[in-house]
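Position chain G against the provided structure of chain H, taking the given hints into account.
2 protein chains.
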Amino acid sequence: MSNSQYQPPLEDIQFQLEAFGYNDVASLPEFEMYDLETAMECLEGAGDVLINSWMTVNKKGDEDGVHFNSQDNSVQLPDGFKEVYDEYRESGYMAMKYPEQFGGGGAPHMLSVLLGEIEIAANKSLSMCPGLSHGLISALKAYGSEEQKETWIPNLVTGEWSGTMCLTEPQSGTDLGLVNTTAIPDGDSYRLNGSKIWITFGEHDLTENIIHLVLARLPDAPAGIKGISAFIVPKFTLDGRRNGIFCTGLDHKMGIHASPTCVISMEDAEGYLVGLPHKGMRAMFVMMNEARLSVGIEGLSLSEAAYQEALAFAKERRQGRSLNPSRNDTNAAADNILVHPDVRRLLLRQKSTIEAMRGLACFTSKHIDLSHHHPEEKQREISDDLVALLTPVVKSFFTDRGFLNTSDAMQLCGGIGYTSEIPIEQYMRDVRIAMIYEGTNHVQALDLVGRKLVLGGGRLLRRFAKSVEILLTECAADSRLLEFVGPTKQAADSLTQLTMHMAQVGMADQESAAAMASEYLNVFGYVTFAFSWLMQCKEAINRDDAYAKTKLKTARFFYKHVLPELESHKQIVLQGKDAIMDFDESEF
Amino acid sequence: MSNSQYQPPLEDIQFQLEAFGYNDVASLPEFEMYDLETAMECLEGAGDVLINSWMTVNKKGDEDGVHFNSQDNSVQLPDGFKEVYDEYRESGYMAMKYPEQFGGGGAPHMLSVLLGEIEIAANKSLSMCPGLSHGLISALKAYGSEEQKETWIPNLVTGEWSGTMCLTEPQSGTDLGLVNTTAIPDGDSYRLNGSKIWITFGEHDLTENIIHLVLARLPDAPAGIKGISAFIVPKFTLDGRRNGIFCTGLDHKMGIHASPTCVISMEDAEGYLVGLPHKGMRAMFVMMNEARLSVGIEGLSLSEAAYQEALAFAKERRQGRSLNPSRNDTNAAADNILVHPDVRRLLLRQKSTIEAMRGLACFTSKHIDLSHHHPEEKQREISDDLVALLTPVVKSFFTDRGFLNTSDAMQLCGGIGYTSEIPIEQYMRDVRIAMIYEGTNHVQALDLVGRKLVLGGGRLLRRFAKSVEILLTECAADSRLLEFVGPTKQAADSLTQLTMHMAQVGMADQESAAAMASEYLNVFGYVTFAFSWLMQCKEAINRDDAYAKTKLKTARFFYKHVLPELESHKQIVLQGKDAIMDFDESEF
Numbered sequence: 201m202s203n204s205q206y207q208p209p210l211e212d213i214q215f216q217l218e219a220f221g222y223n224d225v226a227s228l229p230e231f232e233m234y235d236l237e238t239a240m241e242c243l244e245g246a247g248d249v250l251i252n253s254w255m256t257v258n259k260k261g262d263e264d265g266v267h268f269n270s271q272d273n274s275v276q277l278p279d280g281f282k283e284v285y286d287e288y289r290e291s292g293y294m295a296m297k298y299p300e301q302f303g304g305g306g307a308p309h310m311l312s313v314l315l316g317e318i319e320i321a322a323n324k325s326l327s328m329c330p331g332l333s334h335g336l337i338s339a340l341k342a343y344g345s346e347e348q349k350e351t352w353i354p355n356l357v358t359g360e361w362s363g364t365m366c367l368t369e370p371q372s373g374t375d376l377g378l379v380n381t382t383a384i385p386d387g388d389s390y391r392l393n394g395s396k397i398w399i400t401f402g403e404h405d406l407t408e409n410i411i412h413l414v415l416a417r418l419p420d421a422p423a424g425i426k427g428i429s430a431f432i433v434p435k436f437t438l439d440g441r442r443n444g445i446f447c448t449g450l451d452h453k454m455g456i457h458a459s460p461t462c463v464i465s466m467e468d469a470e471g472y473l474v475g476l477p478h479k480g481m482r483a484m485f486v487m488m489n490e491a492r493l494s495v496g497i498e499g500l501s502l503s504e505a506a507y508q509e510a511l512a513f514a515k516e517r518r519q520g521r522s523l524n525p526s527r528n529d530t531n532a533a534a535d536n537i538l539v540h541p542d543v544r545r546l547l548l549r550q551k552s553t554i555e556a557m558r559g560l561a562c563f564t565s566k567h568i569d570l571s572h573h574h575p576e577e578k579q580r581e582i583s584d585d586l587v588a589l590l591t592p593v594v595k596s597f598f599t600d601r602g603f604l605n606t607s608d609a610m611q612l613c614g615g616i617g618y619t620s621e622i623p624i625e626q627y628m629r630d631v632r633i634a635m636i637y638e639g640t641n642h643v644q645a646l647d648l649v650g651r652k653l654v655l656g657g658g659r660l661l662r663r664f665a666k667s668v669e670i671l672l673t674e675c676a677a678d679s680r681l682l683e684f685v686g687p688t689k690q691a692a693d694s695l696t697q698l699t700m701h702m703a704q705v706g707m708a709d710q711e712s713a714a715a716m717a718s719e720y721l722n723v724f725g726y727v728t729f730a731f732s733w734l735m736q737c738k739e740a741i742n743r744d745d746a747y748a749k750t751k752l753k754t755a756r757f758f759y760k761h762v763l764p765e766l767e768s769h770k771q772i773v774l775q776g777k778d779a780i781m782d783f784d785e786s787e788f
Numbered sequence: 201m202s203n204s205q206y207q208p209p210l211e212d213i214q215f216q217l218e219a220f221g222y223n224d225v226a227s228l229p230e231f232e233m234y235d236l237e238t239a240m241e242c243l244e245g246a247g248d249v250l251i252n253s254w255m256t257v258n259k260k261g262d263e264d265g266v267h268f269n270s271q272d273n274s275v276q277l278p279d280g281f282k283e284v285y286d287e288y289r290e291s292g293y294m295a296m297k298y299p300e301q302f303g304g305g306g307a308p309h310m311l312s313v314l315l316g317e318i319e320i321a322a323n324k325s326l327s328m329c330p331g332l333s334h335g336l337i338s339a340l341k342a343y344g345s346e347e348q349k350e351t352w353i354p355n356l357v358t359g360e361w362s363g364t365m366c367l368t369e370p371q372s373g374t375d376l377g378l379v380n381t382t383a384i385p386d387g388d389s390y391r392l393n394g395s396k397i398w399i400t401f402g403e404h405d406l407t408e409n410i411i412h413l414v415l416a417r418l419p420d421a422p423a424g425i426k427g428i429s430a431f432i433v434p435k436f437t438l439d440g441r442r443n444g445i446f447c448t449g450l451d452h453k454m455g456i457h458a459s460p461t462c463v464i465s466m467e468d469a470e471g472y473l474v475g476l477p478h479k480g481m482r483a484m485f486v487m488m489n490e491a492r493l494s495v496g497i498e499g500l501s502l503s504e505a506a507y508q509e510a511l512a513f514a515k516e517r518r519q520g521r522s523l524n525p526s527r528n529d530t531n532a533a534a535d536n537i538l539v540h541p542d543v544r545r546l547l548l549r550q551k552s553t554i555e556a557m558r559g560l561a562c563f564t565s566k567h568i569d570l571s572h573h574h575p576e577e578k579q580r581e582i583s584d585d586l587v588a589l590l591t592p593v594v595k596s597f598f599t600d601r602g603f604l605n606t607s608d609a610m611q612l613c614g615g616i617g618y619t620s621e622i623p624i625e626q627y628m629r630d631v632r633i634a635m636i637y638e639g640t641n642h643v644q645a646l647d648l649v650g651r652k653l654v655l656g657g658g659r660l661l662r663r664f665a666k667s668v669e670i671l672l673t674e675c676a677a678d679s680r681l682l683e684f685v686g687p688t689k690q691a692a693d694s695l696t697q698l699t700m701h702m703a704q705v706g707m708a709d710q711e712s713a714a715a716m717a718s719e720y721l722n723v724f725g726y727v728t729f730a731f732s733w734l735m736q737c738k739e740a741i742n743r744d745d746a747y748a749k750t751k752l753k754t755a756r757f758f759y760k761h762v763l764p765e766l767e768s769h770k771q772i773v774l775q776g777k778d779a780i781m782d783f784d785e786s787e788f
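Sequence lines, in order, name chains H and G.
Just so you know, the first sequence maps onto residues 201 to 788 in the working numbering.
Just so you know, the second sequence maps onto residues 201 to 788 in the working numbering.
Bound conformation, chain H alone (with noise of 0.2 Å):
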């Protein structure tokens, strides 16, 4: 039924539990029941049953596409969704990761975020429903009452349920100070109207009910960004009513085609207030930046699964021959095209980011379950300012390079990359949106520079800054890995020298560093690579199998033909603002 190649890259994920020390998190007590072993049954399980359920639809659901009903203001997803859906949803993963209190399998984040990996690669339309999900009960376990987390989550656990993110409205979308939804109070609860877009699975067939966390102005509300409060909004109530939020309209899309996209209409909606009145930033914000590193991991999991079509095409195909005739194959009339140093060269660009992004990847998610559950506060603070530092370039540098390495992966399939007879055309659609939503990339980008940079006076960088110099320590004590280390002390020295050049030129002139943030997190997006394969590097120095040979001559290639791109973005950051501000609007 699929077309896809995809198989979890589970000798990789092994890999990159080992070496980003998984067993911190697994010696954790919360997470006794995980050790590495069970860990790597639950993903080959899970990934059996994606790749036997979400993954056999995936084409189909791009090719059929969502339906509304202008009748009912219903939306049908392809035939087979709701199947495949419940399929996973009964086989238990589907909730491996969600809290065990509320009948969750509870797995750390390190495991949660691999297995969220799988999802997205098998169908990155369908993977989205439970991720809302998991936002939402975390936005509720952080600010809701004890009353509505009991009432709430437990079906959102199951998926019997599933939860939306209503944030944007047609004048409000980065600038969210513009909402203007109003929550007027009705005794306990609120009514509420307005109009939300880019409410993704908005509305749907393949749930009971759906319940929306919904931004809104209360009558007392200050102006802007500080008077939006959060509310609950379910399609029905606990008594069965059908609520007054509906479905109006679906957008059409480039690509996710299986998602639906959904206009929202609220009228004298029933609402609960989560959290304190005009705070409802906080709430959102617990499931955006969840949300944040999930779409990082889509750049990763759609890199992935568009690498293994090409590699499988590069392996296939037969064109040309070799120009070392030591590789030539004389039982064919050509050879095959891995033999060319172009599509290895395309190979191995995608193949040695997409283990950086993998490594990266573990690293920030430890740093979540430390945050969290580490017995001693210092830990718990260090990991929390690294989850916060790393989170914006996880999105931003992830999903740019998982478009590109589609592209990479296209290119080296020639016309048929560019065809529905692989998937990789559909990757490469399903991804590009990644740079778009939960802020876009240049969004995250002054997340970086306008807010992380500037806590405690540097100190989340400081954080940063010391893990690597740790691992540079560490590493250039043997002289096997020095080859990895002086590259990446370079890389680090040149982020140094940026942030200052940043802090510098911000303290002066905001719209100075405004101008430069998207450069600046590209120069840490190569930084934190970097760091990712010395991690590996340190790992695989001392093991004797192929795989970690293997590993080495990625990192090889990374350090010579990736890490070098980090020079030009350093050179475009020092210009500065002056070529960019000095147009009138005119002279566009």
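Note that these hints are calculated values from the structure, not bench results.
Owing to the predicted nature of the structure, the values given are computational and were not obtained by experimental measurement.
Any given hint could turn out to be false.
Below, computed lysine-lysine pairings styled on DSBU-like, alpha-carbon distance capped at 30 Å [to be verified]: (1) H:Lys349 <-> H:Lys260; (2) G:Lys341 <-> H:Lys453; (3) G:Lys349 <-> G:Lys260; (4) G:Lys666 <-> H:Lys453; (5) G:Lys479 <-> G:Lys515; (6) H:Lys453 <-> G:Lys749; (7) H:Lys453 <-> G:Lys282; (8) H:Lys341 <-> H:Lys426; (9) G:Lys426 <-> H:Lys515; (10) H:Lys259 <-> H:Lys341; (11) H:Lys515 <-> H:Lys753; (12) H:Lys426 <-> G:Lys515; (13) G:Lys749 <-> H:Lys259; (14) G:Lys260 <-> H:Lys260; (15) H:Lys777 <-> G:Lys738.
Incomplete in silico selection of chain G near chain H, CB under 7 Å [unchecked claim]: (16) Gly449; (17) Leu511; (18) Ser620; (19) Leu655; (20) Arg659; (21) Ser718; (22) Thr750; (23) Pro764; (24) Gln771; (25) Ala779; (26) Glu787.
Each residue gets a CB set at the ideal place from its N, CA and C atoms; glycine is no exception.
Showing chain G alone in chain H's frame:
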């Protein structure tokens, strides 16, 4: 009917024609009817027709696609395509670029390339039909017998017939030596049997007849690329019989949905040899070289169309406030997003590369005209060398950048850019194929490095270097231009250095040269952009008008924020092949 903002960029076109010396072409006797004023009138007139015809069905064509009827092997284009094709055809503008001797307008290439830019922006799918006819006319002009020219060209010129290029077979794409379609002599003609794939406009309902140029092997053909002959195979023979050449299916593609990509089957199809036996690649290369330039223009054209959309959106959309209070629009709840530095940065990345491309397109097409028509043989040779050298760069670098530019345009529009509300996502899908067809961009790099650089011991590059050197010397004399001269010289020096490196390495090891070819081409591309901008600065510096003033600002952005991208590519070229080739097949 159309959702597009596009208007032909006539102001920039006129500037470029002046900057790149259009009068050198217009003063040739062949082109005396096309002085600058007439040329601009033609473009304006053609643009008006195209916007009111082709562009009105561009979105519909994307949505409806083409339909294959397996009962009669026919292909139906979307509703309205036949009408708008005829409208443009009958306006006379479509034949403007075809040779005068066969009833065309006989316009210089320098003009027809810019006409092509507008046609592609109005409807890329549809532009491919007359585009292929143009290529076929050129091939027949160069290698057809007098009788063949008289027989086939005039109806191609009127657009009553259309042409195709039938090269690729399932086992034979980049490697055309693997072609195995056969041609057996049968009296004065030949009988062809075999299958072709990726045949653009291989079947359709726009024209009365379709004239295929087919690569096939004669019975006594040597193996490989030296045994390929070229044949005319019409859909209908001159006496009105349906020939044995049929469409048997269509490919489903990411974009260019209104351009039929056909599987073509030949069963004893009647064909006529073009040129000498076994020398078919010559005719095909005339067609292909022309096609390569025009594919490069696709990158320019859809960049421009996407830029205009993004700019219109940026002026309209209001989010947030400028960090510079003097730009705040106090009459509205928010400023338009054009006040934000990153929005400007994204726009200027597009604008500055679009104008670089357009200038280089003018330079290259001017030399096509000079290579054919200049009275002095020496100049004809020089121009011919420049065109041969720049063709792979234009094809490859323009299309890579075109894809990037449409992505930048989408990014600044946020969620809207990802939907079909505005046409940017269509432009992105439509332009992506340009990196693949007519020889993938890496094939262009191999052409540049393995063929063009070595011809005459480096003669072609020396001629380009001389053009750059003369320009640098001229500009260095004007102190106002020094800020642009410096980085141009530095870029040119980098290219010289890398070329020597490539020559040394490539002499010893062709595989190393192949490994570095794509990145070398990138460096070359940036140098051509810098050259293009310096030519424009030289023109602008002595003009007082507002447009010239903006030119210098855009140039400044290019030199500071785009040209530094060269640096990374340069560093990567110097890494050689080792880290790429050091993998066994099982290690990927």
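Comparing the hints with the structure gives:
1. H:Lys349 <-> H:Lys260: 36 Å, violated
2. G:Lys341 <-> H:Lys453: 45 Å, violated
3. G:Lys349 <-> G:Lys260: Since the Cα atoms of G:Lys349 and G:Lys260 sit roughly 36 Å apart, the hinted pair is violated (cutoff 30 Å).
4. G:Lys666 <-> H:Lys453: Distance ~49 Å between G:Lys666 and H:Lys453 Cα, so the pair is violated.
5. G:Lys479 <-> G:Lys515: 55 Å, violated
6. H:Lys453 <-> G:Lys749: 39 Å, violated
7. H:Lys453 <-> G:Lys282: Satisfied, since the Cα-Cα distance of roughly 28 Å is no more than 30 Å.
8. H:Lys341 <-> H:Lys426: 22 Å, holds
9. G:Lys426 <-> H:Lys515: Measuring from Cα to Cα gives roughly 27 Å; hence the hint holds.
10. H:Lys259 <-> H:Lys341: Not OK: H:Lys259 and H:Lys341 at ~35 Å, beyond 30 Å, violated.
11. H:Lys515 <-> H:Lys753: Distance ~20 Å between H:Lys515 and H:Lys753 Cα, so the pair holds.
12. H:Lys426 <-> G:Lys515: 27 Å, holds
13. G:Lys749 <-> H:Lys259: It is violated: about 51 Å lies between the C-alpha atoms, which goes past 30 Å.
14. G:Lys260 <-> H:Lys260: 23 Å, holds
15. H:Lys777 <-> G:Lys738: Status holds; Cα separation ~25 Å.
16. Gly449: Constraint on G:Gly449 not satisfied, violated at 12 Å.
17. Leu511: Cβ of G:Leu511 sits 5 Å from chain H, so the hint holds.
18. Ser620: G:Ser620 check passes; min Cβ-Cβ to chain H is 5 Å, inside 7 Å.
19. Leu655: 20 Å, violated
20. Arg659: 25 Å, violated
21. Ser718: 6 Å, holds
22. Thr750: 4 Å, holds
23. Pro764: 4 Å, holds
24. Gln771: 4 Å, holds
25. Ala779: This interface hint holds because 4 Å falls under the 7 Å limit.
26. Glu787: Constraint on G:Glu787 satisfied, holds at 4 Å.
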